[in-house]
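Novice: Chain by chain, the residues run as shown.
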Amino acid sequence: MAGLNRRSFLATAGGTCALALCPFTSLLTPASAQENLPEARVTPHPALHWEKQSGRRIKCTLCPRECLVDDRERGYCGVRENRGGDYFTLVWGNPCTLNIDPVEKKPLNHFLPGTKIFSLATVGCNVNCKFCQNWQISQVRPEQERSYDASPQKIIEMAKQSGSPAIASTYTEPVVFYEYVKDIGRIALQQGLKNVIISNGYIQEKPLLELLPYLSAVKIDLKAFTERFYKEIVGGELKPVLDTLERLVKAGMWTELVYLVIPTQNDDAAEIRSMCRWVGEKLGRDVPVHFTRFHPEYMLKTLPPTPVATLEQAREIALAEGLHYAYVGNVPGHPGEHTYCPSCQAVVIHRSGFRVELDGFAHGACKKCRQKIPGVWV
Amino acid sequence: MDRRDFIKGAVGAAGLFFASRYTRALPVEVSVTLVRDPACVNRGVVDVPRAGMLLDRLLREHFNAANPVEILRTLFSPRDRIGIKVNCLSGRRMSTHVELVDALVQRLIQAGVPPRNLLIWDRLNSELREAGFTLNAWGKPVACAGCNGLGYESELTMHRSIGSLFGKPVTELCTIQINVPVLKDHGVVGLTLGMKNFFGAIHNPNKYHPNGGDPYVADLYSHPDIGGKVRLTIVDALEVQPEGGPPFQPNWCMDYGGMMTSADPVALDRVGWKLIEDLRAQKGLPTLAEAKREPKYIHTAALLGLGEDEVASIRFREV
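As you go down the protein sequences, you meet chains A and B in turn. Residues in the first sequence are numbered from 1 upward in steps of one, following this note's numbering. Residues in the second sequence are numbered from 1 upward in steps of one, following this note's numbering.
Derived from the structure by calculation, the hints contain no laboratory data. If you're wondering where the values come from, they're calculated on a predicted model, not measured in any experiment. Incorrect hints may have been included.
Far from chain B by the CB rule (all over 10 Å, computed), these chain A residues [what the hints assert, rightly or not]:
#: 1; residue: 39
#: 2; residue: 49
#: 3; residue: 139
#: 4; residue: 140
#: 5; residue: 154
#: 6; residue: 204
#: 7; residue: 228
#: 8; residue: 238
#: 9; residue: 299
#: 10; residue: 319
#: 11; residue: 334
#: 12; residue: 364
Straight-line Cα separation of at most 20 Å, DMTMM-like style, residue types lysine to aspartate or glutamate; simulated pairs [stated by the list, open to error]:
#: 13; chain 1: A; residue 1: 52; chain 2: B; residue 2: 243
#: 14; chain 1: A; residue 1: 231; chain 2: B; residue 2: 219
#: 15; chain 1: B; residue 1: 207; chain 2: A; residue 2: 145
#: 16; chain 1: B; residue 1: 207; chain 2: A; residue 2: 66
#: 17; chain 1: B; residue 1: 292; chain 2: A; residue 2: 66
#: 18; chain 1: B; residue 1: 207; chain 2: A; residue 2: 232
#: 19; chain 1: A; residue 1: 59; chain 2: B; residue 2: 219
In this text, a Cβ means the ideal position worked out from N, Cα and C, and glycines have one as well.
Using the sequences provided together with the hints, build the complete structure.
Specialist: So, in structure tokens, the structure goes:
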């Protein structure tokens, strides 16, 4: 986008409570990691998960939207294009942003705490959340944002150089750069790195199951617990996301949930209780749930930031419903950031913003009572 | 006919239909004019002189005046910076024909519009090029460029159901638009014609195709920077495609030799829809409703007060 210099502005604007939401900031690197990469041109790369239809039309079967895409057209995501009856991704190997983040920024609280994670995104998304914090990259097409040329192997090299033990596809929606995520994951896991996605979970079963062998953990943004919200605010559906969550847990994939609490939209206590009850019953009490603070952005600029009391109430509901790990997010210094032992209630992992202390934690367990804490620790 | 009568009866799209939202009692006659010359095009090859003559005939018939250049002189002033919105999604054949745009540009210049005040534009440079247009930077005589080259506004425009970055051709570069869409079937929204053509003005058109483009097509067109700036629409129906669109499909693309205009964008789309339905019926195809892609957004546009969608209330003339 011509004239847009948000990236460079925010690269030096760290330290705000909105940090965890923003892809352009990094506590560890003042400048973006992509500075030395060549600029990319939009080039097609064969896409996975689609079916031929009559008249050179194709049906995309990557996400539940199942876009019917005519020749020379693109799907809803804006990054997958029909060219002559074959389907291509236009963002493979072309990240628009690369950063080295604290893993807590994702947020992943039970995944290599206190480490850095090499984070990347391409443009594009398969929903259109009215509260999107990163809409300048998620809601544009490849031609509208500067991207860089970085093969999966190059990403692995950069991640290693940064000292990050893991790579995260994040900020926008990894589902729409599925092929890139998969190729990065294949090499990363071979070379001893971990690979995670920060996703909306809006993906069909077959592509999800095919991706799982290349992933180490997943964070899903569960945006609400009503179909109404998904239809009106997200432009998607709730049911497929719930299906994804169940499939992830059934497959043994480490999964954490984020629920962005938006005043008047999805902050009803009964809705949050229903969601927590569903998590406990369908996913298990050990799945962490992060209640994060909303900040006005994109098409929901008129709503206020979430009151901290609302986040605290949501966390209390989750604990009352028996969930073991409920967090308050985007409120640096809040005691709800810590990991507490569900057995003895001791602080196992102490957090303040992205600062992490592991004094109460040893060998995947509470140091005080030896209660095992689930997660990915090594 | 003096300038006042002329504009009252003809211009409409730039003002009357936006005004009519609040002044429905005004006796604005809704007319749509189609002219045809089947010899004007032969399998995509346009007879340039005949295309020019057909454009002249369209202007004369619709505006009921003798001199096409004078008609344009009445519609446009030398101070106007005019965007000519073409539709180039489908390559050389089912896009706006270069020959029609060339004829229009010639007449605009003859009517006193400085060549530097003209911009032929669409979404992408590459699509313009593939449709046969020659790119030319903004500021040069008769510029031609895509929004990706000209740029988008950095601030989001929120309007009804739309949240988009508008391309600079509809915001800061041009004061007036001439809409030159093509007439064809659309596999998702049913019909792509005048109102839908402005999906090329926003950065995220892919977000607005669900539900057959309803209400998004109408909502976008109702924005003052979009429909509010359209002073003239010339439908390129030299070739039409009643099935398989929006891409060019050789088995469905047909020589039609037509051009059409109206001051009412809704009436124009409604008549275009009817023409597509007639051609579909001739070819034994189901109606767009039966094909589950009735262009509902046309009715929504009428409800918004953008124009007339009742066929019985539209004076349609094929000349």
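Novice: Checking one constraint from the list: CA of residue 231 (chain A) to CA of residue 219 (chain B), max 20 Å. Satisfied?
Specialist: 18 Å, holds
Novice: At 10 Å, judged by beta carbons, does residue 319 (chain A) keep clear of chain B as stated?
Specialist: 37 Å, holds
Novice: Find the nearest Cβ of chain B to the Cβ of residue 334 (chain A) and say whether that gap is larger than 10 Å.
Specialist: 31 Å, holds
Novice: The output says residue 228 (chain A) does not contact chain B. Does that hold with a beta carbon cutoff of 10 Å?
Specialist: 16 Å, holds
Novice: Would the least Cβ to Cβ distance between residue 49 (chain A) and chain B come out above 10 Å?
Specialist: 18 Å, holds
Novice: For a C-alpha distance cap of 20 Å, please report whether residue 52 (chain A) and residue 243 (chain B) respect it.
Specialist: With a Cα-Cα distance of about 18 Å, the restraint between residue 52 (chain A) and residue 243 (chain B) holds, given a limit of 20 Å.
Novice: Within a Cα-Cα threshold of 20 Å, do residue 207 (chain B) and residue 66 (chain A) meet the stated pairing?
Specialist: Holds, at roughly 14 Å.
Novice: Could you check that no beta carbon of chain B comes within 10 Å of the beta carbon of residue 364 (chain A)?
Specialist: 44 Å, holds
Novice: Could you grab the alpha-carbon distance between residue 292 (chain B) and residue 66 (chain A) and see if it respects the 20 Å cut-off?
Specialist: 16 Å, holds
Novice: Does residue 219 (chain B) sit within 20 Å of residue 59 (chain A), going by the straight-line distance between their CA atoms?
Specialist: Outside the cut-off at roughly 27 Å; violated.
Novice: Checking one constraint from the list: CA of residue 207 (chain B) to CA of residue 145 (chain A), max 20 Å. Satisfied?
Specialist: Satisfied, since the Cα-Cα distance of roughly 17 Å is no more than 20 Å.
Novice: Measuring Cβ to Cβ, find out whether residue 204 (chain A) lies farther than 10 Å from everything in chain B.
Specialist: Consistent with the label, residue 204 (chain A) stays out of reach of chain B, its closest Cβ about 17 Å off (over 10 Å).
The structure fails to meet hints 3, 4, 9 and 19 from the earlier list, while all remaining hints are met.
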